[in-house]
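S.K.: With the sequences and hints as input, model every part of the structure.
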Amino acid sequence: SAVISQKPSRDICQRGTSLTIQCQVDSQVTMMFWYRQQPGQSLTLIATANQGSEATYESGFVIDKFPISRPNLTFSTLTVSNMSPEDSSIYLCSVGRGLDYGYTFGSGTRLTVV
Amino acid sequence: AQTVTQSQPEMSVQEAETVTLSCTYDTSESDYYLFWYKQPPSRQMILVIRQEAYKQQNATENRFSVNFQKAAKSFSLKISDSQLGDAAMYFCAYRSARDDKIIFGKGTRLHILP
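Just so you know, the sequences run in chain order A and B. By our numbering, the letter at position 22 of the first sequence is numbered 22, and the numbering carries on one by one without gaps. By our numbering, the letter at position 58 of the second sequence is numbered 172, and the numbering carries on one by one without gaps.
No wet-lab data here; the hints were simulated from the structure. All residues carry an ideal CB built from backbone N, CA and C; glycine is no exception. You may find that some hints are simply not true.
[Said to hold, decoys possible] Simulated DEER-style distance windows between Cβ atoms:
1) A:Gln51 <-> B:Glu143: 25 to 33 Å
2) A:Asp64 <-> B:Glu175: 36 to 44 Å
3) A:Arg10 <-> B:Ser144: 39 to 47 Å
4) A:Gly16 <-> B:Gln158: 26 to 34 Å
5) B:Glu129 <-> A:Val3: 43 to 51 Å
6) A:Gly16 <-> B:Ala186: 45 to 53 Å
7) A:Arg10 <-> B:Leu227: 26 to 34 Å
8) A:Ser1 <-> B:Glu129: 23 to 31 Å
9) B:Glu175 <-> A:Ile63: 34 to 42 Å
10) A:Gln38 <-> B:Gln170: 45 to 53 Å
11) A:Ser27 <-> B:Glu143: 38 to 46 Å
[Unchecked claim] Over 10 Å on every C-beta distance to chain A, these chain B residues come out as not near it, computed from the model:
12) Gln116
13) Ser121
14) Ser156
15) Leu198
[Stated by the list, open to error] Result set (DSS-like, lysine-lysine): computed pairs, CA atoms no more than 30 Å apart in a straight line:
16) B:Lys215 <-> A:Lys65
17) A:Lys7 <-> B:Lys187
18) B:Lys187 <-> B:Lys215
M.R.: Next comes the structure, spelled out in structure tokens:
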């Protein structure tokens with residue numbers, strides 16, 4: 001299965017600022033997914049990122065707050081904009097490698113907004 | 115819309131014993147995939163086991179096995195010979211065959227007692 005490198009692993013940010021999270025995959029994948037995991041909670045899908053088109057956002061998530069780039073088939077970024085303490089979460093990227101393999105996840109970015 | 119329910123927020127099991135984690139799901143679809151993911155304190159999401167809905171035979175992976183009851187929409191995970199390294203958060207997940215999004219349950223935190 002794919003290997004994903006996600007950066008940064010953690011960060012502490014001031015409210016009102018933005019943070020860009022990067023995911024690099026060791027092979028080409030069609031779709032990449034971005035999830036948020038709030039403290040003690042399950043994973044919630046933020047958006048699906050396809051190469052060459054705009055990301056598709058889930059209900060409750062908007063592009064202005066979580067802009068996503070997908071410049072090629074191995075890389076994607078998620079930006080958390082104008083952060084508030086409520087954005088403190090773990091953010092994970094994920095790729096699918098065919099229906100039989102479930103999904104592979106990055107190691108996550110633990111974001112704390114102060 | 116599909117939903118995944120894990121009714122046990124926490125469970126404990128003695129080392130070397132067997133434990134079963136429960137999961138139910140709701141869907142109107144006939145073709146889908148079910149997964150159990152493990153998230154240890156490192157927060158890395160690890161695929162434990164997967165089941166294709168069209169397969170009647172329950173999936174097994176070493177000490178991990180599932181009891182898949184399609185009519186009852188139940189998908190429980192059995193861990194045999196529990197080990198200290200099994201301590202983690204376990205998420206049940208559903209994926210439709212029509213799209214690539216995974217829906218997660220709220221998770222069950224498993225404690226292993228030495």
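S.K.: Now tell me if each hint is right for this structure.
M.R.: Here is how each hint holds up against the structure:
1. A hinted range of 25 to 33 Å for the beta carbons of glutamine 51 of chain A and glutamate 143 of chain B is consistent with their spacing of about 27 Å.
2. Taking the beta carbon of each, aspartate 64 of chain A and glutamate 175 of chain B are about 42 Å apart, inside 36 to 44 Å as hinted.
3. Checked against the hint of 39 to 47 Å, the C-beta distance between arginine 10 of chain A and serine 144 of chain B comes to roughly 42 Å, which is consistent with it.
4. Checking the proposed 26 to 34 Å range against glycine 16 of chain A and glutamine 158 of chain B shows it holds: the Cβ atoms sit about 31 Å from each other.
5. Between glutamate 129 of chain B and valine 3 of chain A the C-beta distance comes to about 32 Å, which lies outside the given range of 43 to 51 Å.
6. Our hint of 45 to 53 Å for glycine 16 of chain A and alanine 186 of chain B holds, since their Cβ atoms are close to 50 Å apart.
7. The hint said 26 to 34 Å for the Cβ distance between arginine 10 of chain A and leucine 227 of chain B, and at roughly 30 Å that hint holds.
8. As the Cβ distance of serine 1 of chain A to glutamate 129 of chain B is approximately 29 Å, the hint placing it in 23 to 31 Å holds.
9. Between glutamate 175 of chain B and isoleucine 63 of chain A the Cβ separation comes to about 39 Å, which falls inside the hinted range of 34 to 42 Å.
10. Between glutamine 38 of chain A and glutamine 170 of chain B, the C-beta spacing of about 37 Å breaks the proposed range 45 to 53 Å.
11. Take serine 27 of chain A and glutamate 143 of chain B: their Cβ atoms lie about 29 Å apart, and the range 38 to 46 Å is violated.
12. In this structure glutamine 116 of chain B is separated from chain A by more than 10 Å, as the shortest Cβ-Cβ distance comes to about 12 Å.
13. Every CB of chain A lies more than 10 Å from the CB of serine 121 of chain B, the least distance being 14 Å, so the non-interface label holds.
14. At roughly 7 Å, the least C-beta separation between serine 156 of chain B and chain A is not larger than 10 Å, which violates its mark as non-interface.
15. For leucine 198 of chain B, the non-interface assignment is confirmed: its Cβ lies about 22 Å from the closest Cβ of chain A, beyond the 10 Å cut-off.
16. A distance of roughly 21 Å separates the Cα atoms of lysine 215 of chain B and lysine 65 of chain A; the hinted pair therefore holds under the 30 Å criterion.
17. Pair hint lysine 7 of chain A plus lysine 187 of chain B does not hold up; C-alpha atoms about 38 Å apart against a cutoff of 30 Å.
18. The hinted pair formed by lysine 187 of chain B and lysine 215 of chain B meets the criterion: a straight-line CA distance of about 19 Å does not exceed 30 Å.
Checked against the numbered hints given earlier, this structure breaks hints 5, 10, 11, 14, 17; the rest are met.
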